[in-house]
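Taken in sequence, the protein lines are chains A and B. The first sequence begins at 1 in the numbering used here and counts up by one. The second sequence begins at 300 in the numbering used here and counts up by one.
There could be a bad hint or two in this list.
Non-contacting residues of chain B with respect to chain A, defined by C-beta distances greater than 10 Å in every case (computed) [said to hold, decoys possible]:
(1) His368
(2) Lys421
(3) Glu480
(4) Val616
One-sided and incomplete, this derived list gives chain A residues near chain B with beta-carbon spacing under 10 Å [stated by the list, open to error]:
(5) Leu43
(6) Ser202
(7) Gly203
(8) Asp204
(9) Leu205
(10) Ala207
(11) Asn208
(12) Gly209
(13) Thr211
(14) Lys215
(15) Leu220
(16) Met222
FYI, nobody ran anything at the bench for these hints, they're computed from the structure. Here a beta-carbon is modelled for each residue, glycine too, at the ideal position from N, C-alpha and C.
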Amino acid sequence: MAIAHVSPGTSTHVNPERSGRRIPYLLMLPGLLWLFIFFIYPLINLAETSTKTRAASQETGAFVQTYRFANYLDAFIEYQDQFLRSFSYALMATLLALAISYPLAYAIAFKSGRYKNILLILVIAPFFTSFLLRTIAWKQILGAEGPVVSVLRALHLIGPDTTITASSFAVVMGLTYNFLPFMTLPIYASLDRIDPRLMEASGDLYANGLTTFRKVTVPLSMPGVVAGTLLTFIPAAGDYINAAILGNPTTKMIGNVIDSRFFRIVDYPTAAALSFTLMAAILLLVIIYIRRSGTDELV
Amino acid sequence: MVDVTSSAVGDLQLRNLTKTFADFVAVDDLTLTIPKGSFFALLGPSGCGKTTTLRMIAGLEEPTSGSIHIGATDITYTKPYQRPVNTVFQNYALFPHLTIFENVAFGLRRRGIKDVEGAVTKTLALVELGHLKDRKPGQLSGGQQQRIAVARAIVNRPALLFLDEPLGALDLKLRRQMQIELKWIQTEVGITFVHVTHDQEEAMTMADTIAVMNKGRIEQMGSPVELYENPKTVFVANFLGQSNLIEAAVQTNSGAETSVDIHGSRIILPSSRNKSSKSKVLVGIRPEKINIQTAGSSVGKNSLSGGVVTDISFVGVSTQYQVEMPWKQEIMVFEQNDGGAPNIRKGDQVTLSWEPHFTFALDSEN
Chain A
1 MAIAHVSPGT STHVNPERSG RRIPYLLMLP GLLWLFIFFI YPLINLAETS TKTRAASQET
61 GAFVQTYRFA NYLDAFIEYQ DQFLRSFSYA LMATLLALAI SYPLAYAIAF KSGRYKNILL
121 ILVIAPFFTS FLLRTIAWKQ ILGAEGPVVS VLRALHLIGP DTTITASSFA VVMGLTYNFL
181 PFMTLPIYAS LDRIDPRLME ASGDLYANGL TTFRKVTVPL SMPGVVAGTL LTFIPAAGDY
241 INAAILGNPT TKMIGNVIDS RFFRIVDYPT AAALSFTLMA AILLLVIIYI RRSGTDELV
Chain B
300 MVDVTSSAVG DLQLRNLTKT FADFVAVDDL TLTIPKGSFF ALLGPSGCGK TTTLRMIAGL
360 EEPTSGSIHI GATDITYTKP YQRPVNTVFQ NYALFPHLTI FENVAFGLRR RGIKDVEGAV
420 TKTLALVELG HLKDRKPGQL SGGQQQRIAV ARAIVNRPAL LFLDEPLGAL DLKLRRQMQI
480 ELKWIQTEVG ITFVHVTHDQ EEAMTMADTI AVMNKGRIEQ MGSPVELYEN PKTVFVANFL
540 GQSNLIEAAV QTNSGAETSV DIHGSRIILP SSRNKSSKSK VLVGIRPEKI NIQTAGSSVG
600 KNSLSGGVVT DISFVGVSTQ YQVEMPWKQE IMVFEQNDGG APNIRKGDQV TLSWEPHFTF
660 ALDSEN
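Start from the sequences, fold in the hints, and give me the full structure.
Next comes the structure, spelled out in structure tokens:
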């Protein structure tokens, strides 16, 4: 500490230690500001809206604050089917994406050799077009003249008149497809980080390939699996585009309800209450999930 | 599935083992027997084939030709997990997600051994780390991780234990301590240790027998003393310690003594230490065997005069002199700092002398 002997008189010098302590806050400032304006403030606004009731004038879009917390209960009771459907679709999509992504990520991480980068780009490639467009494309793929239906019909797995669009199957397929990269990339990252010598060590200690996979590879890739499932489940549970484009009226998810409450029926309080309930439910599930998986110890 | 983990006992034999990668011969027709219970070192520079040899014995590489036997059992093509062989990996490769106890228990659990608890506790006590059994590897120091890596391997009582550059990641002081400790553990458990290293000091400290490898072949094999005092090739003379190698012409080569000519000086050596049959040889002498004296002093039997000291460095236990001979070759001389060192300064004219029985002669390389 050779520079520590600065006398108090020489105040023109900026104390490097003190300004160094301020730098992290300065760096965080733009982000915090952004979060406040576009996240915290709307959230407060939403919370406020959620306990309002329709104004006496019955005018569309006019609401007064009455602190009616029963809005939440009413909304939940009325739309509990859509809630349940959202979570079960999201769960199915997450499990499907995991089943597809894990082998894919494993192959890219360990078996792809010099094609590794090309394969990774292919995983990300769908992001080059918009979410909406890709979902509409799935309507074509699953449509009556599309390849999936013709193959299934040729194999006599479905009848000649059966279609698979406008069904819960199509919605789950769409969700799975759209969030697949969010599952693949974190799993790939955690698999790629595993020291291959650990697998050799496992083989050296009498474990065969399958046991090595179960006892070494899978536990060490858990952080990626947890991150991937969260990144898939959370947006899938709140999604409404897939249900709107690939579903039918009986496959409505909670996102569709919120959408129509806000923009069609103009029932802001119910929409706000549903939004909060969804947020709270996801938060609760995520906390339980992270606690149970206990991956924080791995890092 | 043939489980040879318990049945194979005896010496490890490599027969004509060869491994080629594309057009590069990593291991070239290697035949070698490692006796049961010995501490054996494979010593050589990086790329000499020692790690490939070890990986073939461990089952991590398949030989191009040749075979590997433990006692009477051929293990050339068995899977790694079916071999009675365990490895202490270069960077330990401890499982980061398992506790120390579970790391050590890993091999036992895979084989369905009954008393895991007892065996692990005993082995952890042997490496004196029983109190850390609930920690994760990341919470241990390098030296502790090293000892756990050894414990994780020896708990399985393999016929062979491989140490792949085991001390490379440790600092000098810890390395010295671990050398002594590993040697002690080996004596204690009686398992054959095969130690692969490029560090000649490490090999000499621990091993009973050293095989010096170069370009996929074994240059010379023997006890550390034998290799050091009696190197058979230029490579061994230079790789184990330092050697002064001087070109010489053989004058007489009869009976017990051979005499050679080094730029006009007559040097004698025992004929048994002349490994060459040619008339031009390289005469070798270790730096610490040479006496350095100011020019004109009385000298011993073998002596070279006319040297000029060009550099002196003091390294604590000894002083190292660099002497330039009239034929422009630099010769290294180490003198013990035991009070008897002559008062020599840079630029002084000196005479070098040594006992004939320390001299050796080799075929010049190529």
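Index of numbered hints that the structure contradicts, given in increasing order: Hint check: 5 fails alone, others pass.
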